[in-house]
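Chains as they are written, first to last, in the working numbering: chain S, 240 to 600; chain D, 42 to 378.
Hints are computed from structural coordinates only; laboratory data are not their basis. A few of these clues could be false.
Using C-beta positions, here's what the derived DEER-type ranges look like [to be verified]:
1) S/V542 <-> D/D108: 32 to 38 Å
2) D/Y354 <-> S/K504: 39 to 45 Å
3) D/Y354 <-> S/S442: 41 to 47 Å
Virtual Cβ for every residue (Gly too), placed ideally from N, Cα, C.
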Amino acid sequence: MDQKPTYNPTLSGIPNSPSGAYPNGNPDVPYNLPGARNTDSAVPLHRSKPVDHVYVCDGPAPGKLAFRWMYGSNIAAKNRDPRIQVMQYNEDTVVLRQNMCVHWEAPFTYLLFGNKGALLIDTGANAERLYYPLRETVDAIIARWAKVRGRKTVPLTIALTSGEDIAQNQGLAQFAGRPDTTIVPKPLEVMKRFYGLSGRWPSGTGTIDLGDRIISVIPTPGTHKDGVSFYDPYCDLLFTGDFIFPGRINIGNDRDFVVSLERLKTFVAANNVKYILGGHIEMMFAPGKYYPRFYTYKPYERVLELEPSIIDELIQYGREVQGKEMVLIRPDFVLFNGVSPDQKTLVWPAGVPNITPPRPF
Amino acid sequence: MNRRTFLSYPAAAATTVGLANTIAGLANAATLAPDPAPIDFKSHLPAPGSFPEKWICGSPSCMDNTDPPVHVHWYNAHTAILRQNKAYSYEAPFAPLYFGNDRILLLDEGFVQLRTDWDFRGVVDKCIDEWCARNGRDPASMELLVAFTHLHSDHYAATNQFADRPNTRYMGLTQEEMFGFWGMTNFPEQQVALDLGGREILIWGSPGHVIAEFAYYDSYTQILFTGDMFYRGRCYISFWQPWFDSMTRLIRFCDTHPVSHVMGCHVEMSKDGQDYAYGMTYQPDEAPVQMTVEQLRSSYEFAKTITKPGIYYTGTVFLCNQTRGTTTIDRNPYRYD
Numbered sequence: 240m241d242q243k244p245t246y247n248p249t250l251s252g253i254p255n256s257p258s259g260a261y262p263n264g265n266p267d268v269p270y271n272l273p274g275a276r277n278t279d280s281a282v283p284l285h286r287s288k289p290v291d292h293v294y295v296c297d298g299p300a301p302g303k304l305a306f307r308w309m310y311g312s313n314i315a316a317k318n319r320d321p322r323i324q325v326m327q328y329n330e331d332t333v334v335l336r337q338n339m340c341v342h343w344e345a346p347f348t349y350l351l352f353g354n355k356g357a358l359l360i361d362t363g364a365n366a367e368r369l370y371y372p373l374r375e376t377v378d379a380i381i382a383r384w385a386k387v388r389g390r391k392t393v394p395l396t397i398a399l400t401s402g403e404d405i406a407q408n409q410g411l412a413q414f415a416g417r418p419d420t421t422i423v424p425k426p427l428e429v430m431k432r433f434y435g436l437s438g439r440w441p442s443g444t445g446t447i448d449l450g451d452r453i454i455s456v457i458p459t460p461g462t463h464k465d466g467v468s469f470y471d472p473y474c475d476l477l478f479t480g481d482f483i484f485p486g487r488i489n490i491g492n493d494r495d496f497v498v499s500l501e502r503l504k505t506f507v508a509a510n511n512v513k514y515i516l517g518g519h520i521e522m523m524f525a526p527g528k529y530y531p532r533f534y535t536y537k538p539y540e541r542v543l544e545l546e547p548s549i550i551d552e553l554i555q556y557g558r559e560v561q562g563k564e565m566v567l568i569r570p571d572f573v574l575f576n577g578v579s580p581d582q583k584t585l586v587w588p589a590g591v592p593n594i595t596p597p598r599p600f
Numbered sequence: 042m043n044r045r046t047f048l049s050y051p052a053a054a055a056t057t058v059g060l061a062n063t064i065a066g067l068a069n070a071a072t073l074a075p076d077p078a079p080i081d082f083k084s085h086l087p088a089p090g091s092f093p094e095k096w097i098c099g100s101p102s103c104m105d106n107t108d109p110p111v112h113v114h115w116y117n118a119h120t121a122i123l124r125q126n127k128a129y130s131y132e133a134p135f136a137p138l139y140f141g142n143d144r145i146l147l148l149d150e151g152f153v154q155l156r157t158d159w160d161f162r163g164v165v166d167k168c169i170d171e172w173c174a175r176n177g178r179d180p181a182s183m184e185l186l187v188a189f190t191h192l193h194s195d196h197y198a199a200t201n202q203f204a205d206r207p208n209t210r211y212m213g214l215t216q217e218e219m220f221g222f223w224g225m226t227n228f229p230e231q232q233v234a235l236d237l238g239g240r241e242i243l244i245w246g247s248p249g250h251v252i253a254e255f256a257y258y259d260s261y262t263q264i265l266f267t268g269d270m271f272y273r274g275r276c277y278i279s280f281w282q283p284w285f286d287s288m289t290r291l292i293r294f295c296d297t298h299p300v301s302h303v304m305g306c307h308v309e310m311s312k313d314g315q316d317y318a319y320g321m322t323y324q325p326d327e328a329p330v331q332m333t334v335e336q337l338r339s340s341y342e343f344a345k346t347i348t349k350p351g352i353y354y355t356g357t358v359f360l361c362n363q364t365r366g367t368t369t370i371d372r373n374p375y376r377y378d
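One chain only, chain D, in its complex shape:
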């Protein structure tokens, strides 16, 4: 991007988006019923949906990567899952976007800050425009909630791209503001129900990877989003007992609620259980992001046997119990006697 396009970029983007909104708004006003029928998020559950065969997963040479900065996958008509391109950030987190009749919830905002580097805001706006066009809604009437799973910058780096977005609320970057955003006074046990307009999201505390982390359950797709405390890769457990208690809480939740998929924020291993080392930008054979309740349960059973810090493979995930600041799985391949 040269200096001229750089200077004109944010203004141009804002104008275009604004214009698009206005046009879409006019179109809606002209062609659509003034009060579209509410979408039913409560019957025929879980709402069917699908994950892609393969996510965008980097390339052998980063500068030759031609994939878009964000992979947008519509799990079903009312649920999008976004993933950052590995050549834009090795963290490549996943970010679900849940649509309700009145509000939209975005969970996680990737690991690149500036809109000129990746237009995450533009991607989210486009998803919202698409959904609104499909469902006869005016995007301006939908409130967007910009939240994140936990207090790590690979999950909130792009939040400030939403600072000038109308009808948008976003989570603050401290533990106090995070708990306050969901109105929690008794973290982590307290379970909060967020109503997106007929679609309920259950939220409760899930500390262990960090203290300030939530688990999110979408009652429509019945996806349990476990953030960074349980995902298909290296679960860095900073605090064992809070993490184990959070696992117990997840298991208890699965005992009492139907769960279609368990989903974490990253994938850091291959289909056959090989570790992709921290920082890798190409994962050609990566495991799917979604896990089954059975995999969660078996990992929990495995975790019961862990008594010491170290790295353990449960068959589904790596549990890095208090090892993040010290070591990883990799070995120096050139050692010899």
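With the rest of the complex left out, here is chain S:
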């Protein structure tokens, strides 16, 4: 029999695999993908000098959010999950999430490494180290990474997607006095100066150089007046905090919101973006359904990553709510403009299946 090395779902894999096509790999694609050269080898036993990683690659660096996020407990007091869930996206990119039984906002925090330093994007919702040991966790990840790369010191920069957002700035206090650490100042004017954006806010773009991995800082006021987004050209990830995320987007200023989205659209058109990663998840996997505030048990959460095409949808519906006090539901986000964060609407979007997931009990 002729054994053609071509993918045949009935013979070569699990046809109904949840991960879609080619669950066991695609034989029609070359074995040695371009991204492979960007991964360091673990073969050398004793490195003589620090590893300089190559952060240049065609397309996004390989990486994956391979696991399910923790989703709290029906009885929050009995939750015994880790206080911080750590997921390594790839060797130079780590995603951390706060346990929602410590704080219901369950914010995401991102740690990126370059040849000259590391960047921590956002700091979570608790200052108390006993409840939320962000400093210890980040220190341990940096120490491990430094060992792997043969580095003595890794300067750390801490930046916030919004200095005023108490769901993201509370953990900052834990880093006070940390050696080799630069904290981007919180007040808007000082922050602009830090990024070199004085006089160019919000149209300009700043940078944070991590050493061959230059993170772009894009002003995105709209949900917060001091909102910024970060773009990583290595993984092609866009970190948007409270500005774009799969949840209840509370618009702070509806004109800024749309203008920032349009500017971000231009940016995305000029740069490859694989995923948009926000600061929270509040949507369920049933389209248009979302968790209310303060919930500590969200077993039906949607995945974190959003496709960049979501920006077009956000612009369209951001314009629709402009000047109106209303809630607008879409499959992957809900816009709240000028209303209470608990406001509800009976208007269901046309063409979206209305599925009510079962209650936890």
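Assemble the complex: chain S is given as a structure, and chain D must be docked to it using the hints.
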């Protein structure tokens, strides 16, 4: 809880409780008079009692909460008030337990269903054992009535924990069964007197928050328990006219009966009148659960002026007139021009 303790838990709990009952029963039989003197619930009224300075009210981090799942407070020797821990359910309802010579009345059963998640049944059994030990009664001889204020799951979630409890009757989860449980044929005006054995509980209809809701008046402590139609927080009024009529009924009752405290099922605001938003799990400065008749009356006077749906603060409670499905008090703190 690991798999092994989970599997052995219900059986072990049942055995222990059963054993405790038997031992207590034997002790009673051996040491106590066979027919203890009845407790007098009719003289020197209202029976004095006290509320705690501070209830268990959650914690900044839920998973670090070390309080028990239920706060048990003995208002006086024959009245316990139970409150669910906010880290077990943000609803954290209050549930009174009234003891009579023959029967015990439990009003409301919290917002968590399973005994493995919170042993509400065990807490109630322990209260009953304590009371029986103090008063020379055999717990097995006391009938327990498991009832609730109204047909919402944060008030009856744990009822099925009592399904295998001997000498226990519990209210069904439909309007028909609820009215039938108290033998009502003319809801809401009909006033029913429930005799717990020398201690009388007056019950009548109090629709407005939901249709199927009762007001409970304990003639011993003279506490008027108003459920979710009037409490120290956001009274979600689904049906204005029935709610206003229920308020009128409460006021008329206060005109003709002595009332020591008015008490609702939740607290959702601080001492200085700040709203704790729906779902919050930490209320460090919460208002007391008990209210005065004056506060009820002034809220009623305020309610007379309400003509439109909306959220109103009466100085004691928030009246959310037909707004539950639409909005709340909170504002987005990050709005700017």
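Query raised in the report: Are there hints from earlier that the structure breaks, and if so, what are their numbers?
Result: The structure breaks none of the hints.
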